[in-house]
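Each protein sequence line maps, in turn, to chains B, D and P. Residue 119 in the numbering used here sits at position 119 of the first sequence, and the numbers go up by one each step. Residue 133 in the numbering used here sits at position 133 of the second sequence, and the numbers go up by one each step. Residue 272 in the numbering used here sits at position 272 of the third sequence, and the numbers go up by one each step.
There could be a bad hint or two in this list.
[What the hints assert, rightly or not] No more than 25 Å apart at the CA atoms, straight line, and that leaves these computed lysine-lysine pairs for BS3-like: (1) D:Lys7 with P:Lys99; (2) D:Lys136 with P:Lys196; (3) D:Lys7 with P:Lys196; (4) D:Lys85 with P:Lys187; (5) D:Lys83 with P:Lys196; (6) B:Lys335 with P:Lys215; (7) P:Lys196 with B:Lys53; (8) P:Lys64 with P:Lys99; (9) D:Lys83 with P:Lys310.
Please keep in mind that the hints were generated in silico from the structure rather than gathered at the bench.
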Amino acid sequence: MWSFSKIANIIHEWLSQTFNVTWTTIIEMVIAGVAVISLFAVLGLVLVIMERKVSAWMQIRLGPNRVGPKGLLQSLADTLKLLVKEGMTPNGADKFLFNLAPFIAMMVAMLLLAPIAFAKDFQLWDLNIGVLYVSAISSISVISILMAGWASNNKYSLLGAMRSGAQIVSYELSAGLSVLAIVVLTGSLQLSEIVNSQANGWWIFKGHIPAIIAFITFIIAVTAETNRAPFDLAEAESELTAGFHTEYSGMKFALFFLAEYANVFIVCAIGATLFLGGWMPFHIGNWNGFNNIMDWIPSSVWFFGKTFFLIFLIMWFRWTFPRLRIDQLLNLEWKYLLPISMVNILLVTAMAILKWHF
Amino acid sequence: MTNEELKIKISELLPVATFEEGGEWLNINIEPADWLSFAQQLRNDSSLYFDYLFCLTCIDWKTYLTMVYHLSSTKYRHNIVVKAKLDRNKPEIETVSHIWRTAEFHEREVYEMFGVNFLNHPDLRLLILPDGWEGKNPLRKDFEDPVNMIKL
Amino acid sequence: MYRETQIVSDVAKTPLTGEGTFTINVGPQHPATHGVLHLVITLNGETILNIEPHLGYIHRSIEKMCESLTYRQFIYVTSRMDYLSAHINNHACALCVEKGMQIEIPSRAQVIRVLMDELTRIASHELWWGAMAMDVGAFTPFFHAFRERETINDIMEETCGARLTMNYMVPGGVMYDIHPNFQKRVKDFLQLYKRKIHEYDELVTGNIIFQNRMKGVGVLTAEDVISYGCTGPVARGSGVSSDIRKLYPYEIYDKLEFDEVLETAGDSFARYLIRLREMNQSIRIVEQLIDNIPEGDFQAKTKAVLKLPKGEFYQRVETARGELGVYIVSEGGTTPYRIKFRSPGFSNLSILNHMVKGSKIGDLIAAMGTLDLVIPDIDR
Chain B
1 MWSFSKIANI IHEWLSQTFN VTWTTIIEMV IAGVAVISLF AVLGLVLVIM ERKVSAWMQI
61 RLGPNRVGPK GLLQSLADTL KLLVKEGMTP NGADKFLFNL APFIAMMVAM LLLAPIAFAK
121 DFQLWDLNIG VLYVSAISSI SVISILMAGW ASNNKYSLLG AMRSGAQIVS YELSAGLSVL
181 AIVVLTGSLQ LSEIVNSQAN GWWIFKGHIP AIIAFITFII AVTAETNRAP FDLAEAESEL
241 TAGFHTEYSG MKFALFFLAE YANVFIVCAI GATLFLGGWM PFHIGNWNGF NNIMDWIPSS
301 VWFFGKTFFL IFLIMWFRWT FPRLRIDQLL NLEWKYLLPI SMVNILLVTA MAILKWHF
Chain D
1 MTNEELKIKI SELLPVATFE EGGEWLNINI EPADWLSFAQ QLRNDSSLYF DYLFCLTCID
61 WKTYLTMVYH LSSTKYRHNI VVKAKLDRNK PEIETVSHIW RTAEFHEREV YEMFGVNFLN
121 HPDLRLLILP DGWEGKNPLR KDFEDPVNMI KL
Chain P
1 MYRETQIVSD VAKTPLTGEG TFTINVGPQH PATHGVLHLV ITLNGETILN IEPHLGYIHR
61 SIEKMCESLT YRQFIYVTSR MDYLSAHINN HACALCVEKG MQIEIPSRAQ VIRVLMDELT
121 RIASHELWWG AMAMDVGAFT PFFHAFRERE TINDIMEETC GARLTMNYMV PGGVMYDIHP
181 NFQKRVKDFL QLYKRKIHEY DELVTGNIIF QNRMKGVGVL TAEDVISYGC TGPVARGSGV
241 SSDIRKLYPY EIYDKLEFDE VLETAGDSFA RYLIRLREMN QSIRIVEQLI DNIPEGDFQA
301 KTKAVLKLPK GEFYQRVETA RGELGVYIVS EGGTTPYRIK FRSPGFSNLS ILNHMVKGSK
361 IGDLIAAMGT LDLVIPDIDR
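Please put together the full structure from these sequences, using the hints given.
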């Protein structure tokens with residue numbers, strides 16, 4: 001059967017036969033780069049249309065329904081519009097930083113795609129400190145937001161950027177701690193090993209209540225880290241018009257927009273990998289027939305299915321909850337989530353030492 | 001209190017006040033100079049207790065201006081109307097914005113629309129008209145705006 | 001925590017200029033001001049030190065316009081004042097003219113007027129509810145509110161020929177009789193409303209984030225509210241009885257069964273609850289009247305040209321936002337000598353600075369939402 005790993009292997013073998021080692025590596029890198037960029041574009045388009053359809057469904061309206069079949073090409077049309085739109089730089093803005101910021105946001109999102117296992121044996125870069133890499137790189141995204149807010153020379157943008165700085169720095173702690181819970185259970189930082197450790201059951205099932213607590217904390221923290229409602233204080237439409245990207249237009253705005261959706265995809269993919277078994281199919285104990293049927297479903301379908309389920313969850317939050325106030329937001333993190341995750345990590349450690357998990 | 005009782009009570013407080021009757025509420029005509037002390041009495045007197053200024057406006061009678069204050073008591077639910085005649089060329093009256101805070105905005109509106117100068121007002125600036133407005137006060141009867149006003 | 005209280009307690013003393021403070025302009029174009037309100041806010045970080053409203057962006061000087069319009073004509077202008085309760089504005093003006101001319105209006109017209117008023121009140125509160133939720137960052141409720149509001153607008157359209165600025169009430173009654181479908185469609189609406197009203201509580205009222213955003217925010221004491229001349233739900237949220245329909249009944253309100261909703265907390269959440277419950281009271285009134293519209297004329301016989309006797313006439317009514325006063329000074333002619341509209345929004349806005357000084361920007365938006373400001377009503 002076709003799978004991503006087989007296609008990758010066929011290409012690799014053909015390249016190795018035709019070229020020498022250096023050229024093979026270079027060509028493979030180019031292919032990977034192109035694949036990541038196109039994945040990015042496709043993700044942006046898919047997630048935007050998904051968000052619009054999901055929100056329309058929740059808001060008892062139709063959503064986009066004019067361009068293409070059932071409006072599915074709407075985001076393509078939007079992208080086209082944004083591409084040809086004039087990108088304005090406000091007077092008094094720090095031009096260099098202003099133009100750099102959206103690219104940093106994009107680069108961070110792209111770098112984060114590297115260690116994600118999209119399917120069985122299909123991973124761009126299976127580095128042995130995958131989890132650490134993800135936490136480290138994702139912290140850089142705050143720099144792009146601060147840069148954008150500062151360089152815009154707009155008080156709304158600055159307020160949004162400052163909010164976002166405080167928010168992302170705080171919520172990274174509990175996101176990190178909840179990820180750590182799984183690292184403790186697995187004993188490895190490598191994403192492929194974390195996935196493999198879930199062959200006999202996903203961590204959310206195997207890890208008892210601490211894993212569920214870690215999962216909930218993780219979801220809340222990453223929602224905050226990606227600046228999505230109810231934690232969208234950096235944008236806070238009704239308060240700060242558009243927060244840090246108030247002054248951006250055209251493609252530069254689109255890059256921020258795209259980076260937001262890419263970040264949502266990445267955090268959901270990480271969540272699916274850590275807690276829901278990544279590309280691992282759903283197995284129940286000794287039900288061999290059932291397990292075989294589950295195995296028959298391709299691993300990429302499992303991975304994307306889980307990821308999109310989590311994305312839907314985050315969209316659901318966005319279209320249901322009101323926004324928190326800045327002090328409530330920080331209270332939630334420092335007074336509730338952080339202590340809970342700290343206690344939780346102790347529980348998980350005890351559980352891992354005593355081998356209480358399955 | 002009924003209008004009659006109010007009339008007796010108020011003529012005790014301010015003997016120089018004159019009354020107009022026939023309307024729905026008791027109308028009291030006073031001199032602008034008496035207004036501040038009279039207003040404080042109206043607000044603080046326990047049997048009157050006019051704590052709610054529900055309308056503050058001005059009327060341009062071409063030869064003079066009249067300030068009109070509609071007062072009500074949330075405790076006794078009686079209403080009065082206080083009127084003060086102002087000189088059209090130099091309209092001045094004491095502010096009551098420290099007695100009824102709502103007067104602060106209403107007086108600013110009257111200030112720009114009629115040109116009434118409220119003495120001791122904390123923040124007497126243009127509220128509705130654009131900054132740097134020059135010219136006459138729009139709600140006065142002799143105001144002409146050839147561009148925006150259409151004569152029927 | 002210590003630092004935060006320190007800053008907030010010093011708000012009155014903190015200088016409005018100098019290091020650490022800056023001003024931002026909220027509006028004239030801003031998503032949260034629902035129109036062209038312009039607030040100049042002085043901030044220290046996220047803490048508000050001072051708010052200064054700049055008005056007049058849509059001032060059309062309706063009071064001046066009315067001075068050159070006849071008593072039949074000027075009512076149409078007033079629909080544009082508080083466009084969300086156009087019926088009630090028209091009603092106030094019609095009542096004031098009728099008071100001056102001592103016109104007795106037929107009971108059918110009275111019932112129709114009250115029905116329209118209450119439907120308008122529901123529609124206005126629906127829109128407010130959606131916009132309120134949007135102010136605190138929830139987008140979905142807006143569409144749920146519009147589902148019901150559109151039904152009311154359809155009913156209005158059928159009878160009055162317009163959806164927003166109806167101009168339906170004229171001196172002497174209403175302009176034309178109700179549409180034959182009116183009663184049926186109002187009953188359909190009542191059913192829809194009762195089926196859907198629990199969604200409002202489930203989606204917004206019970207939400208923990210929403211409650212945290214609203215409770216204890218923008219607290220107003222009863223003395224503040226009276227002194228600043230606030231009326232309507234803002235006053236009732238602080239426990240000040242201010243419903244003109246109860247205190248100074250007009251039309252047939254004294255014969256109807258409904259309660260004045262009062263809350264004592266005085267915070268944003270109290271004002272929120274007041275409006276939600278007021279919708280239920282309006283539903284009660286509509287239910288009492290919809291099957292009991294008396295037969296007869298919908299308009300009293302009036303002269304073609306109305307002339308108010310010399311004098312001054314004041315009429316107060318309860319709009320969706322509070323007390324609207326119409327003050328007509330007549331010289332005996334066909335046009336008013338001077339008209340003053342005491343609009344609820346203008347007084348309610350004046351308390352904004354007092355209300356949110358020292359709180360965060362997010363609270364400003366949430367608290368301003370509960371004032372239910374309609375900018376043309378403030379600017380007139």
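Outcome of the hint check:
no., hint, in the structure
1, D:Lys7 with P:Lys99, "holds (24 Å)"
2, D:Lys136 with P:Lys196, "violated (54 Å)"
3, D:Lys7 with P:Lys196, "violated (53 Å)"
4, D:Lys85 with P:Lys187, "violated (54 Å)"
5, D:Lys83 with P:Lys196, "violated (51 Å)"
6, B:Lys335 with P:Lys215, "holds (20 Å)"
7, P:Lys196 with B:Lys53, "holds (23 Å)"
8, P:Lys64 with P:Lys99, "holds (22 Å)"
9, D:Lys83 with P:Lys310, "holds (17 Å)"
In this structure, the earlier hints numbered 2, 3, 4 and 5 are contradicted, and the remaining ones agree with it.
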